[in-house]
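Spelled out, the chains give:
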Amino acid sequence: MTEQVETARPQLTAPAPPPRRWSNERILGHVLMVLWALAGAGLLSYMIRDFNPEFMDRYGMKFVSGFIVTIELVGLSLAIGAILSLPIAAMRLSSSRILGGIAYGFVYFFRGTPLIAQAFLVYYGAGSFRDFFSDIGIWWFFRDPWYCAVFAFSLNTSAYQAEILRGSIQNVARGQWEAASALGLSKPVTFWKIILPQALIVALRPYGNEVVLMIKGSAIASIITIYDLMGETRRAFSRSYDFQAYIWAAILYLVMVEALRRVWDRIEARLTRHLKR
Amino acid sequence: MDEILTLVSFGPNGWGDEIASGVLVTITLAIATLPFGLTLGFLLALAKKSEEPSLRAAANIYTTIFRGLPELLTLFLVYYGGQIVLQQLISFLFPDAQVEVNSFVAGMVALSFVFSSYASEAFLSAFRGISLGQYEGGYALGLRRVQTLRLIILPQLIRLALPALGNLWLILLKDTALVSVIGLSDLVRQAGIAARVEKEPFLFFGVACLIYLVLAMISSIGITRIEAWSSRGEVRR
Chain E
1 MTEQVETARP
11 QLTAPAPPPR
21 RWSNERILGH
31 VLMVLWALAG
41 AGLLSYMIRD
51 FNPEFMDRYG
61 MKFVSGFIVT
71 IELVGLSLAI
81 GAILSLPIAA
91 MRLSSSRILG
101 GIAYGFVYFF
111 RGTPLIAQAF
121 LVYYGAGSFR
131 DFFSDIGIWW
141 FFRDPWYCAV
151 FAFSLNTSAY
161 QAEILRGSIQ
171 NVARGQWEAA
181 SALGLSKPVT
191 FWKIILPQAL
201 IVALRPYGNE
211 VVLMIKGSAI
221 ASIITIYDLM
231 GETRRAFSRS
241 YDFQAYIWAA
251 ILYLVMVEAL
261 RRVWDRIEAR
271 LTRHLKR
Chain Y
1 MDEILTLVSF
11 GPNGWGDEIA
21 SGVLVTITLA
31 IATLPFGLTL
41 GFLLALAKKS
51 EEPSLRAAAN
61 IYTTIFRGLP
71 ELLTLFLVYY
81 GGQIVLQQLI
91 SFLFPDAQVE
101 VNSFVAGMVA
111 LSFVFSSYAS
121 EAFLSAFRGI
131 SLGQYEGGYA
141 LGLRRVQTLR
151 LIILPQLIRL
161 ALPALGNLWL
171 ILLKDTALVS
181 VIGLSDLVRQ
191 AGIAARVEKE
201 PFLFFGVACL
211 IYLVLAMISS
221 IGITRIEAWS
231 SRGEVRR
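Top line first, the protein sequences correspond to chains E and Y.
For reference, each letter of the first sequence is one residue, going 1 to 277 in UniProt numbering.
For reference, each letter of the second sequence is one residue, going 1 to 237 in UniProt numbering.
Any given hint could be a false lead.
Straight-line Cα separation of at most 25 Å, SDA-like style, residue types lysine to any residue; simulated pairs [stated by the list, open to error]:
(1) Y:Lys48 <-> Y:Pro155
(2) Y:Lys199 <-> E:Phe129
(3) E:Lys62 <-> E:Leu213
(4) E:Lys62 <-> Y:Ile182
(5) Y:Lys48 <-> E:Glu268
(6) Y:Lys48 <-> E:Asn24
(7) Y:Lys48 <-> Y:Arg144
(8) Y:Lys49 <-> E:Phe129
(9) Y:Lys49 <-> E:Ile48
Don't read these hints as lab results, they were simulated from the structure.
Let the sequences and hints guide you as you build the complete structure.
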């Protein structure tokens, strides 16, 4: 068939691509994909065979409410963290040694210790100062695991966000500052109108990663007795011993993270379309 | 002040020994995870840069799963799920056998999964930093593919991937704290026990945090040394 075509128009047709051989790579790739397919089919059959309508009745809505709690926790922490990160980043960028040192210490502490230890430090550690907190009237805040989780997560993410902000501001070329001052723009105007917009575009990707990290990290809240998605999952498992609880949680987390990643890629592509060549 | 010093001191009245044993578990777990995570991550990166679509897809499924799941959930899936799966497999052969998954091994496996999926990205971007000419140079010298990879690409790859891998090591060190939830006596768990017994939670969790900071500082020094060693062939700028 191909030979006929080639004899008819020998100059015009490109040579037929060489047939794809079954190289080792190709065999390995297909074997691995078959394994994934088997694992997926096994999981699916397990989910169908052992599906328990009673379990769904009892815990289905709890999963939904846990999902919402997770989103609230992450959203609130990220928002508070974003506000807190502004002064911290400003301190990191300031020429004052003392301010810079304090901010560096703050960031180093929250980035260098596990989130779970920070959550314990706030939630259980607040008990050490119970009398003091009662005296100044803020014990109600530290008694409640929800506030403690938001408190710990906000401080944690503010440290990360401050570093993202600082890095991206410092990344903007010096020439931008110089050009603005040559045009007679004041420093604040230069910062808000010229430097920050460019910095935020650079910061877009790390910010997206930080949101994902926060969603994943928020599972830790379940350990200090918050019934977020992970907390509801653990409760359902400890009562029913039905392992499907964890599978459902895994699916929900994967969907949440993947959806966010896709949406974020879209946003980034849209916002940086003027930079495409 | 004296009381605090007694509490964290070594010996029968203090919790120093218990905390030290927790530190040892934390470090052992992190170091035990590292070779598996690095090897698996490297293989995943090779698969992801392969020209074979099915191989790339297989590797991408893996990283999507383990980068998307919370580390805590991965740990539970491995710990409880591993127990169920192994029990099923074993009961085919020995119907009466009982399987119990060791929490250290479960932690190691879960952390290896997470570490390798992130490490594969680090290796992949390092691969992109090596020009095609390096491979061609190797082939022109008559080296085989594996030899080129080992003798020419790998040394440069390590240098390029080290900063990212250093970060991943620090993340791994922090992630080991999660195994305290499945009952392994690591630093956080030991600090928690001490806090409950002595009713000094802030002190002991504060000490645990400070120890993590010290471990991070020591790691940073070590990573800087390794980076200096790996770029010893570079021109000094």
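Taking the hints in turn, this is what the structure says about them:
The hinted pair formed by Y:Lys48 and Y:Pro155 meets the criterion: a straight-line CA distance of about 20 Å does not exceed 25 Å. In summary, the hint linking Y:Lys199 to E:Phe129 is supported, as the alpha carbons are separated by about 11 Å, within the 25 Å threshold. Taken as a hint, the E:Lys62 and E:Leu213 pair is honoured in the structure, with Cα atoms around 24 Å apart against an allowance of 25 Å. A hinted pair counts as satisfied when its Cα atoms are at most 25 Å apart, and E:Lys62 with Y:Ile182 qualifies at roughly 23 Å.
The hinted pair formed by Y:Lys48 and E:Glu268 meets the criterion: a straight-line CA distance of about 24 Å does not exceed 25 Å. Taking the CA atoms of Y:Lys48 and E:Asn24, the gap is about 15 Å. The hint holds against a cut of 25 Å. Restraint check: the Cα-Cα separation between Y:Lys48 and Y:Arg144 comes to about 21 Å, which is no more than 25 Å; the hinted pair holds. Distance restraint check for Y:Lys49 and E:Phe129: the Cα-Cα separation of roughly 55 Å exceeds the 25 Å cut-off, and the hinted pair is therefore not satisfied.
Among the hinted pairs, Y:Lys49 with E:Ile48 is inconsistent with the structure: their alpha-carbon atoms are about 36 Å apart, more than 25 Å.
Comparing the model with each earlier hint shows violations of hints 8, 9; every other hint is respected.
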